[in-house]
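> Once you have looked at the hints, place chain B on chain A.
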Amino acid sequence: MWSRFSNPAKFEAMALAIGPFLFGAFALCAVFGLYTGLFNSPADYQQGDSVRIMYVHVPAAWMALASYTFIALMSLVAFVWRHSLADIAARSAALPGAVFTALALFTGAVWGKPTWGAWWVWDARLTSMLILLFIYFGYMAVWQAVPETARAARFARILALIGFINIPIIKFSVDWWNSLHQPASILRADGPTIDPSMLTPLFAMIIAYTALFGWLVLVGMRTMLSLQRVEARAARSPSRPAEVAAAVSEEGA
Amino acid sequence: MMDYGPHTPFVLTAYAVSIAAIAGLILWRIAAYRKAAAAEKSRQP
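Chain order of the listed sequences is A and B.
Residues 409 to 661 in this note's numbering are what the first sequence spells out, letter by letter.
Residues -18 to 26 in this note's numbering are what the second sequence spells out, letter by letter.
Since the hints were derived computationally from the structure, they do not count as laboratory data.
Hints are not guaranteed to be accurate.
For lysine-lysine, the following DSSO-like pairs were computed, each having C-alpha atoms within a straight-line distance of at most 30 Å [said to hold, decoys possible]: (1) A:521 / A:579; (2) B:22 / A:418; (3) B:16 / A:418.
The following block holds chain A by itself, in its conformation from the complex (with noise of 0.2 Å):
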């Protein structure tokens, strides 16, 4: 299965293929999403309007955790069956994931000021949050600064492994510490603890998010895939181009 995807031109078709529909999934349960969270969502009992940050945060988080295992995954891939495109998948999902934790952390500290009374608590699932964005900008900082590309991916990928790790303490920071944030609501033994009318909209959501960072990190592989064909004619050629190295130095992680 892994060697399927192994040849990039074959990956390329691929991602021709499936992109656009990936985006269009995630037009659709975006606008559904926004609309339905802001619009037909029913306030809650208790914290009154300032549940519907629920639909922007929890799709967040979500990605966060999600775009990190995907890192680890495709390291591990990487390292174990030498798959040339895992540490590309890798890499390009760096970015996207640093930017939904940063959502995730934004977005709870705005639910949190009129749900808890303060912007920011030294609790275990905030702390391990921030920890997780920190990793994420440690795992783009070793691609950024290590310049044999071949050293610079063995660092990430033991990086984004090690940085698993903190993966279950999130998820289980609430069941293990006493904490101010809520416990499990959706994925649970006993399923979700959410109305019918509030799951909807965060499902579309949680769709939209999964849909976009597909999209995202496709077009990054691409991004990539066509930076490292330029680099590999320009090394072929007496002058490497000015605008190849300005378009490596941007695109980052």
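Positioned in the frame of chain A, the structure of chain B alone reads:
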């Protein structure tokens, strides 16, 4: 007009920042891809 009482600024800020960040991410990725594609095209023999 959306009126969520005392929670209006919190709700609108959360949505505005989320939409802006996601739009920025999409535009950034498209711009980077176009730049790379242009560089590749200019280097083609």
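> Next step is simple, just say for each hint if it's right about the structure.
Okay, the hints, checked on the actual structure:
The straight-line distance between the Cα atoms of residue 521 of chain A and residue 579 of chain A is roughly 22 Å, inside the 30 Å bound, and the hint therefore holds. Pair hint residue 22 of chain B plus residue 418 of chain A holds up; C-alpha atoms about 20 Å apart against a cutoff of 30 Å. Taking the CA atoms of residue 16 of chain B and residue 418 of chain A, the gap is about 22 Å. The hint holds against a cut of 30 Å.
Going down the numbered hints, you'll see the structure goes against none, and every one checks out.
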